[in-house]
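Undergrad: Listed below, chain by chain, are the residues.
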Amino acid sequence: MKPRTYMMQGNVAVAEGAIDAGCRFFAGYPITPSSEIGETLSKRLPEIGGKFIQMEDEISAMGAVIGASLGGVKSLTATSGPGFSLKQENIGYASITEVPVVIVNVMRGGPSTGLPTLPSQSDVMQARWGTHGDHPIIVLTPATVRETYDMTIQAFNMSEKYRVPVILLMDEIIGHVYEKVTLPNIDELTIINRKKPTCSAQEYLPYIADETLIPPMANFGEGYRYHVTGLVHDETGFPTNKTDQIEVMLNRLNSKLDKYSDEIIQYEDTFTEDAKIGIVTYGSSARSSKNAMRKAREQGIPVGMIRIQTLWPFPTERIYEFGRQVSHIIVPELNLGQIAHEVEHAVKGAAEVVPVNKINGDPIHPEEVLLKIKECI
Amino acid sequence: MSFHYEIRLSGAGGQGLILVGKILAEAAAIYDDKNATQSQSYGPEARGGASRSEVIISDGDIDYPKATNIDLLLAMTQEAVDKYANDIKPDGVIIVDSGFVKNNPKGDFKLYSFPITEIAEEKIGKKLVANIIALGVIEKLSGIISEEAIINAIRARVPKGTEEINIKAFKQGRDLL
Amino acid sequence: MDYLQYLRLDKFPHIWCAGCGDGIALKAILRAVHNIGWEKDNIAMVSGIGCSSRTPGYVDFNTLHTTHGRAIPFATGLKMARPEMNVIVVSGDGDATAIGGNHLIHAARRNIDLTVLIYNNHIYGMTGGQVSPETPMGDFATTAPYGAMENNFDISGLTIAAGASFVARCTVYHANLLGKLIEKALSKKGFSLVEVMSPCPTAYGKINKKGTGNEMILNQKQLAVRVERAKTMSPEELKNKIIIGTIIDRELPEYVNTYEKIISQAQRR
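Protein chains in written order, with my numbering: chain A, 1 to 377; chain B, 378 to 554; chain C, 555 to 823.
Think of the hints as simulated: they come from the structure by calculation, not from any bench.
All C-beta atoms, glycine included, are put in the ideal place defined by N, C-alpha and C.
One thing to keep in mind: the hints can contain errors.
Pairs of lysine-lysine residues, derived as PhoX-like cross-links and limited to a Cα-Cα distance of at most 20 Å, are as follows [unchecked claim]:
no. : chain 1 : residue 1 : chain 2 : residue 2
1   : A       : 43        : B       : 537
2   : A       : 295       : B       : 466
3   : C       : 565       : A       : 242
4   : B       : 503       : B       : 466
5   : C       : 815       : A       : 43
Distance ranges between label pairs, derived from CB positions [unchecked claim]:
no. : chain 1 : residue 1 : chain 2 : residue 2 : range
6   : B       : 436       : A       : 48        : 35 to 41 Å
7   : A       : 243       : C       : 656       : 34 to 40 Å
8   : A       : 49        : C       : 690       : 46 to 52 Å
This is chain A alone, in the form it adopts within the complex:
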């Protein structure tokens, strides 16, 4: 057996990726189809000196990971739809207080308890706008087990670098499929840790940023005694009601990711160079689509695909360019068109957007996409 080659499940790849990223704390609550993440970490974390806790609910799990991250430990929680709904208030807290945390949502069908064991991609808008108020967030969505591992590490890196909650949005197929993966050696990985203050404790202003727009972060217990609140605060970290201070704070918060959009936004082009018909998709639907695209290409149909890896911020510019290149953009997804709307917004009428939607718990079959491709000729 080659080193680090395994048959690995997507959910287990999250756990292994988290460990390799330096995560040493997990708080969660059991929920199908994400439970294997917590199960794996309950065993693995103590082996490497980390800690796992099964909390009394999803709300407290979200609170606990923020608390641990403030203590300086990279932290993860994982859930599915109903639990993701419960976590939303504290996701907003992480967003406004700029505490790095990673949240995994292995999507199931909804609304409510919905379809616990069946695949869906219907939380993509909730992942962007689930918590109240304008806020920054990054949402990554993997399509293979290996990518799940890589993206978990990226999620931690982005969360630490930009001080923002990062959501790894998976679907049940990616969470539960077993695939052959060869993992990189640990020393080949790029691991980013939060930037710490270099000034003295007396001079430290926790929410003042330089041109990077990301303030250095002191961990609790390291001599910088400061205040963290979910109220809108000024650069000292204390609440403010002054409109000028509110504006400075909220503008920086909501624009800090814009500065880094080139390095945050990722997508994968396949056969797009000569494409006349386009597909834009993500997660497991991208696998169905890729299969359909190969078959279409075998039949001489010039179809190309952009697989979105960073759902939020959305790759609007790339999709706009693609829209100007192709006649149609087919958007297969396991919901009623949540990303199709976003694609439509991005292409500004340059191409016809053709949704392929399914919400019955069955994945999108390659034939269904192939049929749509043929209709677009």
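Given the coordinates of chain A, work out where chains B and C should sit on it, guided by the hints.
TA: Same frame as chain A, now just chains B and C:
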């Protein structure tokens, strides 16, 4: 097109079909150095209910991890064979447990019927290893994974202390053909 | 002692009304911390939402003002990440027993080494006087115009049953005793809780005609009964009384400590 083989394992929860899927996939991917995926569909209950596990083995990338054009179907219940016999590709293979499947399906496929669970009880003394007997039949009929790879995967996947009885069951399955 | 060394003086004046007990409780906390001799760098104060939950803003520790009801989960994560840190949770009756009630009992069940101070003023003060799980039956609130019709939680009974190591109750009138009880709670390895009876003349006192803040605090003196004496009294005699003192103090395995042992065990394998 490159080599591509699809297996669906179907029956009831508790018959160990997910384990068989994992052993097949691991044997192909880790010990035979091919590519493989294993996926499953399951209901909310841990026992009973319908259970389905799918393995795709290929020498190239596997985009779509679900079976669409099945080369080999194992059906351990009547319900499973009734539901899935139509998904088999022309000239494909269906293996049924004759202890549970009384009405054999008809169509353009090769049907193999053995009292798998009964054999497990009589020859091995353990009903529980019926899945591994079926694995032996699958290995022999598919001819796509080496016997050695499967034995290695069985050793890695079954509970400690039950390796030998499982390998015995696997060989019993192979000997049915 | 010099209280000022523990305060963020530029954050004063505080938001609490005249006659509120929360400032007395704050002084009691500072005395306790001072007597134990903890370093400020090594103390975290965590709170939820409400009047009492503004306390962390005034103290020169590592301070965390979280979401409504969730201070204990945040504190749990922080304590697990930094076991050497002394973590104090300040909460109100609504924050800790209504929206955060589940976290309160589960933290007590785990017996995690946190000290939770619940300032019980029988009302939601900050939001304008709505009924709380601690509003006495029949008393009025803006959402109980016909009088509160629900039973109260017995906070100490609840947390004792859930598994806390240390539980005490005190009034702000008995400020010296309060400091001593908080000191005992902070020193205790395990989940410790002090219920602090703190009057709210503005939101609770006025609508229920309880008088000024001073009168409400003086009334605490009339109602208070020491734990030792309470043991000799009948339930009828104890009706409407406030039992003060250490209600339970026991040795039980502490959660983070147990987890550290699990880590050693997992690493030996």
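Undergrad: Determine for every hint whether it applies to the structure shown.
TA: Hints and how they fare:
1. A:43 x B:537: Roughly 18 Å between the alpha carbons, so the hint for residue 43 of chain A and residue 537 of chain B holds.
2. A:295 x B:466: Given that 20 Å is the threshold and the Cα spacing comes to 18 Å, the pair holds.
3. C:565 x A:242: holds, 15 Å
4. B:503 x B:466: Roughly 33 Å separates the two Cα atoms, so the pair is violated.
5. C:815 x A:43: holds, 14 Å
6. B:436 x A:48: 35 to 41 Å: holds, 36 Å
7. A:243 x C:656: 34 to 40 Å: holds, 38 Å
8. A:49 x C:690: 46 to 52 Å: holds, 49 Å
Checked against the numbered hints above, the structure breaks only hint 4 and satisfies the rest.
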